[in-house]
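Undergrad: Going down the list, the protein sequences come from chains A and B. Every position in the first sequence, counted from 1, becomes a number in our numbering once 487 is added. Every position in the second sequence, counted from 1, becomes a number in our numbering once 1342 is added.
Hints listed in this document are in silico derivations from the structure and should not be mistaken for laboratory results. Treat the numbers as computed from the prediction; the structure is a model and nothing was measured. Glycine included, every Cβ here is placed at the ideal spot set by N, Cα and C. Mixed in with the good hints, there may be bad ones.
[As the list claims (entries may be wrong)] Partial list, computed: chain B residues near chain A (C-beta under 10 Å):
id, residue
1, Gly1439
2, Leu1445
3, Arg1447
4, Arg1458
5, Gly1460
6, Thr1488
[Claimed, not checked] Anything over 12 Å on all C-beta distances counts as not near chain A; from chain B, calculated:
id, residue
7, Ile1356
8, Glu1396
9, Pro1452
10, Ala1453
11, Lys1457
12, Ala1468
13, Pro1481
14, Asp1484
15, Val1509
16, Ile1540
17, Arg1591
18, Tyr1617
19, Ile1696
20, Glu1716
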Amino acid sequence: MNHEPDILGFACNWCGYAGADGAGQAKLQYPTSIRIIRVMCLGRVDPSFVLSAFERGYDGVALIGCHIGDCHYLSGNVNAQTVVEHLRGILDTMGLGRERLRMEEVSSREGPRFAELVRTFKDQLVAMGPSPLKKGKVELAEEGDRP
Amino acid sequence: MSRKPISASDLPCIQCNKCTHVCPQNMVDPAFTPRGYLLQALMGEGAELEAGPEVWRCLTCLKCREACPSSTDWVGLVRELRHNAKGKDQCFECKHGHLVQILQRMMANPAIEQKRLGWAEGLEFADRGEWFYFTGCLPYFDNMFTFGSHTSIAKATLKLLNAGGVVPVLSNQERCCGYECLWNGDRETFSKLAKLNIETIAATGAKKVVTSCAECFHTLKADYAEERELPFEVVHSVTLFAQWAREGRLRFRKTPTPGVTYHDPCRLGRYEGIYDAPRELLKGVAGDSFKEMERIRGDALCCGVGNFSNCDSNTKFLQHDRLLEARRTGAEVMVTTCPKCRIHYGCYLDGRPIEPVENLQVRDITEIAAEALEP
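Could you put the whole structure together from the sequences, leaning on the hints where they help?
TA: This is the structure in structure tokens:
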């Protein structure tokens, strides 16, 4: 089944977001399926953010941050790795599949790597089919929306 | 069976203040007074109560009704007020970022096909049959609360059921019972979950549903019955195992265990009045090493958290108080019949306790019983 997946990306200010910016500045082509939320560090990403995204119908969530060891706050991305591991367990139990959650290391100079990540993630989600929680294209939340 | 909303004017409160005296929240914070809030409600200021934070701070442990001479249902009113507050988009403070509520809302979607039986691999269970084992959220807790295993409770229950000659039905389609939604004012999600669960259980032809969680037990038994008539009977595992032990269907070897004490969870004790079965089972397993705490049965102290929504510094005081009380009996294991009590105490012991509580474990009764099972 062919469908246009919705991906939510959490990108850290120092590496992931700068990498995405780099991909844009270099005019690299990548799918528009991804929406990016900038966070200061992946350590800020609470498990409930990710699950809330799936609840709203996103097909995949990507956490894009610094390479391990390069975290601006020393250990934010290491903490995020633990969170991701547990969230994957929850996604498996829920039947959505652990592959719908990705954590990637993209440094500020790796624009091409960011573009490639979005491409492969999109292809993978197309192959997996839409999330069972999907109710059509995910609409952006209105201001004041509560989870 | 339809539910009649509780209205403040129906409450037979006589303003005697007994509720406030026994309230655990009041024990730590004297400004929290159920009597005062009841007066407010009786005076027709329910709307103001809804808007305030007090209604979200009640632990719903029901100690107030235990003490009340006129059986005033303050906790029922709290549930009602929370429901009304939710409708007006007022919300409790986020604990765990609403994680539990998000999971419940996801599960309330009929399109979800869960794979929740990973823990039961290699154990005996069926697809259809007379008995249904309602696991609850235990498979999720393993990934949510990282101290200890939570499916170990499910495994122990299944082992005991098998030992008693029952091969229960387990279903991937089972969902959370909806307890947290119901008590956080989200009756819509609760109704969806209740409908799906009743359909799932009915489809397996089960006539008896066993739960190993005090909250699942009370929710299925009392709150599902409010939604619609149930085609099955609900029983908590501890009642069943105590009965089986009495009949000789389960045999335990008395192991020289360190002291064991029992903490009454609110949903099994004060809500459902089951006090003797867990004690009977524990005495059968631990013999004379079972010791009682000071505050037991209807007087038992709350674990300090209601439906994952009101954990704060008061909670920590209550937990510390209770754990020290358990330690004073000389017990090294505090046993409970509610996985959530175990999570909340476990969280306290695993986190940053006010001062360390040495040599005390909090465990579920099924785990203790399964270990002592005679082969």
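Undergrad: Does each hint fit the structure? Answer for all of them.
TA: Each hint tested on the structure:
no.: 1; hint: Gly1439; verdict: 3 Å, holds
no.: 2; hint: Leu1445; verdict: 7 Å, holds
no.: 3; hint: Arg1447; verdict: 6 Å, holds
no.: 4; hint: Arg1458; verdict: 5 Å, holds
no.: 5; hint: Gly1460; verdict: 7 Å, holds
no.: 6; hint: Thr1488; verdict: 7 Å, holds
no.: 7; hint: Ile1356; verdict: 38 Å, holds
no.: 8; hint: Glu1396; verdict: 20 Å, holds
no.: 9; hint: Pro1452; verdict: 9 Å, violated
no.: 10; hint: Ala1453; verdict: 4 Å, violated
no.: 11; hint: Lys1457; verdict: 5 Å, violated
no.: 12; hint: Ala1468; verdict: 21 Å, holds
no.: 13; hint: Pro1481; verdict: 5 Å, violated
no.: 14; hint: Asp1484; verdict: 7 Å, violated
no.: 15; hint: Val1509; verdict: 23 Å, holds
no.: 16; hint: Ile1540; verdict: 21 Å, holds
no.: 17; hint: Arg1591; verdict: 32 Å, holds
no.: 18; hint: Tyr1617; verdict: 34 Å, holds
no.: 19; hint: Ile1696; verdict: 25 Å, holds
no.: 20; hint: Glu1716; verdict: 33 Å, holds
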